[in-house]
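Chemist: Below, each chain spelled out in residue letters.
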Amino acid sequence: MSGTGQDDTHRRIERVARESYGRLVAYLSAHTRDVASAEDAFSDALVKALTAWPRDGLPQNPEAWLLTTARHAIIDHVRHQQVVLASEPTLMLLREGQEEMALSVEFPDERLKLLFVCAHPAIDPAMHTPLMLQTVLGLDAARIAGAFLVSPKTMGQRLVRAKTKIRDGGIQFEVPPESELPQRLDAVLEAIYAAFGIGWDDMVGADQRGRDLTEEAIWLARVLLQLMPREAEVRGLLALMLHCEARRTARRGQDGRYVPLSEQDPKLWSLPLIEEAEGHLAEAFKNGRFGRFQLEAAIQSVHAERARSGRIEWEAIVRFYEQLIRISPTLGTQAGYAAAVAEAKGPEAGLAVLDGIDLKAVSGYQPYWAVRGHLLQRLGRTPEAKDAYDRAIGLTEDPAVKEFLLQRRG
Amino acid sequence: MQFALLIYESPEAFATRKNDKIDSYTGAWRAYYKALVEAGIFVGGDPLEVPETGTTVRLTEGRRRVQDGPYADTKEQLGGFTILELPSLDAALDWAARCPAASYGAVEVRPLTPELRRRITE
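Top to bottom, those sequences are chains A and B. For the first sequence, the positions run 1 to 410 when the working numbering is used. For the second sequence, the positions run 411 to 532 when the working numbering is used.
None of these hints come from the bench; they were simulated from the model. For each residue, glycine too, the CB sits at the ideal point set by N, CA and C. Hints are not guaranteed to be accurate.
As the list claims (entries may be wrong) - Non-contacting residues of chain B with respect to chain A, defined by C-beta distances greater than 12 Å in every case (computed):
#1 Arg427
#2 Thr466
#3 Val467
#4 Leu469
#5 Arg475
#6 Glu486
#7 Leu488
#8 Thr531
Unchecked claim - Some, not all, of what chain A presents toward chain B, calculated at C-beta under 7 Å:
#9 Leu149
#10 Ser363
#11 Gly364
#12 Asp390
#13 Arg391
#14 Ile393
#15 Gly394
#16 Leu395
#17 Glu397
#18 Pro399
#19 Lys402
#20 Leu406
Unchecked claim - One side only, chain A facing chain B, incomplete, derived with CB under 8 Å:
#21 Val150
#22 Thr396
#23 Glu403
Can you build the whole structure from these sequences, using the hints too?
Modeler: Here it is, written out as C-alpha cells:
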C-alpha cells in the first residue's frame, strides 16, 4: 500500500475513533457499568485497527468492527480477573447477539445514559464536566487538566476515582424518571456549560475555567439535543453557546487587545451561527417550558440584534435579567443585571444593584469589581473607581483583559 | 496550608522594572497584591533584585567557591516570591494563573513544609 493510502487509512481511523468513541464507550459501559474498562477496551480495539485496517483494508462497518473487537477485549479481561458470579449476566450480555451485532449498523445509542451518569448527584460536581469530556468525547486527562488548571496527574487520579465510584457505587445507567428529570437534566446542562466556560461576556467578566473547550461543549450540546430534541433548555443552552461562539473573532482586536461586547464590530460576528442560535431559541420558546438557559440566550439574542438595528435594547435586557434573577440568582446574573440597569437607567441605579450584593460573596469575583469600577468611573468617583479596577485586575487571568482594565483604570 | 509562588522572569521582564512611571508592569503587580491582601491570603513575599546582582556560594572539598550571578544558566530567573495561606493546591493554582508573571514568565507553586520547619526551629 502506498504512503498516501496509509495516511488516508490513519485519518479514517482517527475520524471513526472520534465519532464512535462516546457511542461505543457508552454502549459497553451501560452493560458493565465499568467506564474505565470500556475505555481500555476501546483503546485496545483502536490499536488493533491501526494494524489490521491498513493491511486488510477498511471493514465495511468500521464502528461495528471496533465494537466487536472491544467486546472481545472486555471478555478477555473479565476472564483474566476470574470474575465473581455477579458479573456473569454481564458476560452473557456481552456474548449474546455478538454475531448479528457485527453485521448490523445500528446499535442502541446509550450516550444519554452516560451523560446522566457523569452528572449524577453522587459524583463530585467538580468532576461532572471532566468525566463527560473524557467518556463521551475521549479527551485525555492532560488536555482536561490544562483547561481546569490542575496538574495532569491530579486530574488523572480524580477521573479514576470518579469512575470507580460509578462502577462500585451502584449508580444506574438510566435516563432519570420524569419526576427527577428537570433537576438531573440541569446538572447535565451545567456541566456542558462549565466546559464552555464563558459565563458572561457583557463587559469584561469571563469565567476562566475550561475556556479552551468551547468546541467540545458545543459538540456535547449537539449530542444532547439529538438525544432529547424536545427539551427546551437543551436548545436554550445550545443557542446561548452559539451566540457567544459567533463573536469569537470580534472579541479580540487585530493587535490582540480585548474588545468588550458593546464595542465589538457586528460585521465580525458569524451570521450563520447567530441564525442557528436564533432558530434553536425560537423552537425552545414554542415549547413553553421556560428556563435559565433560554433567558440567558435571549439576552445574547438582544445583543445580536444590534447587527441589524445598530442599537442595544437595554430595557429588554433588563426585563430578561429580572426573570433570570428570580430563577437563578447567581453572582454572574446579579453583576450582569447591574450592568444592564446602569445602561437603561443610569450608573447610580446600577451601583445600587451592586450594593445589594453580599460583599463577602464577591471578594474573589472579578466581574463584580470590573462593573463596579466602570460605574464609579462614570459617576466621576475616580479614587473609588481605581480601587475597584485594581481589585478586578488582580483577579483577572487573561492578559488581554488585564491590559484593557489597566487602561480603563488610567 | 501555605504555598510559595516562585516568580520566574525573563531578562526583558527584568528590564521593564526600570521604568519609573506607573506602567502596566507595576500596575498589574499592584492590583494583584491588592487582591491578595483583600482576599486575606497574603502571608509575605518580596521581589528580588535582578539576577546579575546575585552571588552563589558553595563549598567544594572544603574550599569556598564563589560565583557571580545565579547558579542556573536558564533564560528565566527567579525574580521574587509570594507566600499565600490557602486551603488547597487548586486554590493556589487559581491565584498563580492570575499572577502577572503567569502571562510573561512562569509561576511555580510549591507547598511550604511546616514539618521540616518545625524540626529545624524547635
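Chemist: Checked against the structure, which of the hints given earlier come out wrong?
Modeler: none
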